[in-house]
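Assemble chain U onto chain X, guided by the hints.
If you read the protein sequences in the order shown, they are chains X and U. Numbered by our numbering, the letters in the first sequence go through residues 1 to 114 in order. Numbered by our numbering, the letters in the second sequence go through residues 1 to 116 in order.
Please note that the accuracy of each hint is not assured.
To be verified - Okay, the calculated bits of chain U under chain X, using three or more residues with CB under 8 angstroms as the criterion:
# : stretch
1 : 39-46
2 : 103-110
To be verified - Capping the alpha-carbon separation at 20 angstroms, the derived lysine to aspartate or glutamate pairs in EDC-like fashion look like this:
# : chain 1 : residue 1 : chain 2 : residue 2
3 : X       : K42       : U       : D24
4 : X       : K42       : U       : D86
5 : X       : K42       : U       : D7
6 : X       : K56       : U       : E103
7 : U       : K14       : U       : E83
8 : X       : K42       : U       : E44
Derived from the structure by calculation, the hints contain no laboratory data. All of these numbers come straight from a predicted model, not from anything done at the bench. For glycine and all other residues, C-beta sits at the position ideal for the given N, C-alpha and C.
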Amino acid sequence: GESVGLHLPTLSVQEGDNSIINCAYSNSASDYFIWYKQESGKGPQFIIDIRSNMDKRQGQRVTVLLNKTVKHLSLQIAATQPGDSAVYFCAENMGGGATNKLIFGTGTLLAVQP
Amino acid sequence: DTGVSQDPRHKITKRGQNVTFRCDPISEHNRLYWYRQTLGQGPEFLTYFQNEAQLEKSRLLSDRFSAERPKGSFSTLEIQRTEQGDSAMYLCASSPIRGAWGETQYFGPGTRLLVL
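With the rest of the complex left out, here is chain U:
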């Protein structure tokens, strides 16, 4: 399977703990995105990378959130001092550089976070 993969698929943590999620994009894709999705809502953009450069961050991405893509391949999203409001599905997507048909983003299965 050469799609986007995410690890772990599920994470339960206690409030105040730090968590880290990993995303492996489709291998030839230069762009990598993080989104957050709460129950009954569409995904909301958090941040995106082109190769190793973080080019855009949403205001949703508070100081407790940090994302990295050190070698332009996989990415990590860390949440420090988790709060109950951080409970959500964290989705990763990847895309090639814009081509003739726009920029299709392909999503991974997500990491579901529950903060107790």
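Just chain X, same shape as in the assembly:
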């Protein structure tokens, strides 16, 4: 895979707009997916998860969409606020007893402009 290094993909949005963050996952055998938010100097914070038998799940202001055909996840944040500014990671888990480790994507920096 590609290494982004220090140059994270960045999404810049205006406060109040909706944000969509995309993620391509690597393994078709993965059956569980999680979105995490990570603020500078902190550990990843759980946002929302989804199992492979679903294609959509909604939380408070957030929606996760799963497209297994193209191995694609997206995170939609409604009415984005300055406090949403952070790096967002998707993570996949193959489960099924094969392994319990999470494999993280590259991350997207969300910058919310007031």
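Below, chain U without anything else, positioned relative to chain X:
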């Protein structure tokens, strides 16, 4: 606060020294994970425990790294003969046994290691 805790939060050491980090998981969680994160990257899996048993180790976990969870509660991660390339954020996470919604891993704040 009943989340995952890690100690210390920051560690600066000289190359060649040994360091040890501690992780206290959420109390009812059976599984405990260690990850490493370098700047601009996502966390990378190192190892995980179910209760006191270490069930999986990444190839990233060289012979200089050792992790323990002696009583199935807190865990320690030791790095011997540290190298500058070990500088990173070391993250601990915990989860319950897989339930109806998969296995959400909850992360601690991390220990940031700088090797001079």
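Do the hints match the structure? See the list:
| no. | hint | verdict |
| --- | --- | --- |
| 1 | 39-46 | holds (count 7) |
| 2 | 103-110 | holds (count 8) |
| 3 | X:K42 to U:D24 | holds (16 angstroms) |
| 4 | X:K42 to U:D86 | holds (19 angstroms) |
| 5 | X:K42 to U:D7 | holds (13 angstroms) |
| 6 | X:K56 to U:E103 | holds (18 angstroms) |
| 7 | U:K14 to U:E83 | holds (8 angstroms) |
| 8 | X:K42 to U:E44 | holds (16 angstroms) |
Hint compliance for this structure: every hint is met.
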